[in-house]
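Construct the complete structure from the given sequences, taking the supplied hints into account.
Each residue of the sequence shown is one higher than the one before, counting from 23 in the working numbering.
Where hints are given, some of them may not hold.
Pairwise CB distance ranges (calculated) [unchecked claim]: (1) E164 <-> D218: 20 to 26 angstroms; (2) A235 <-> D105: 53 to 59 angstroms; (3) Q175 <-> P121: 50 to 56 angstroms.
Keep in mind the hints are simulated off the structure, nothing from the lab.
Keep in mind the model is a prediction, meaning the values are calculated, not measured.
For every residue, glycine included, the Cβ atom is placed at its ideal position computed from N, Cα and C.
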Amino acid sequence: MSTRLVTDELELLQSLADLPQHPRIIELGCGAAHLSRQLLQRYPASTVTGLEVDERQMAKNRLKPQERLHFVQAGAQAIPFADGSFDLALMLKSLHHVPLDLLDQALAEVHRVLRPQGLLYVSEPVFAGALNEVMRLFHDEEVVRAAALAAVQRAVASGAWEQVDEVFFETPVHYRDFAEFEQRMIGVTFVTHRLDAATLAAVRARFEPHMTADGAHFVRPMRINLLRRC
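This is the structure in structure tokens:
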């Protein structure tokens, strides 16, 4: 199992998926669509449709239009596009946010909207590491991440998908201080965290030992499952 450090996931995506050969892209649970925005700058033949359910994030996205990037408010379990509309689907740290009882339906929907031999790139955090130990004090994702992986495995076992590759890597994460961590990780739009004083103090106590002169440095372990539609 590789634990290489990856600072540019777009390069990794290109090495696995050959983006020029898969120009019609859908990103499911796109959030702010950071990677897709970079992708469109590097690959001028590509188009990206970003699906997001969070209304506040969608409002922010629409304030930052970009050529060949289109946003639609919808969930992966009900994709409002015709069969075979896309060459590549991206789920970047988003599969585990799908309601657990809709995971299989979501992957079936992705299968439907991909062309035959189209690719699904699922990038998910592994439930491990020092940053995870801080996060789990107020946002424990052990169950949902395991459920997301199990759904991918069921999809492959069904014969609807072929697993092309499984890749493990680490990505660096940096916070200037606890205030930035609080703003980025506790104040996110897609989930509301109202921490009581004791919990916030516990989170700070677990975070602070990682502080250095230039902030807190972590690595987040990640797993990619690249699937091909059969």
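Do the hints match the structure? See the list:
no.	hint	verdict
1	E164 <-> D218: 20 to 26 angstroms	holds, 22 angstroms
2	A235 <-> D105: 53 to 59 angstroms	holds, 55 angstroms
3	Q175 <-> P121: 50 to 56 angstroms	violated, 18 angstroms
In the structure shown, a violation is registered for the earlier hint numbered 3 alone.
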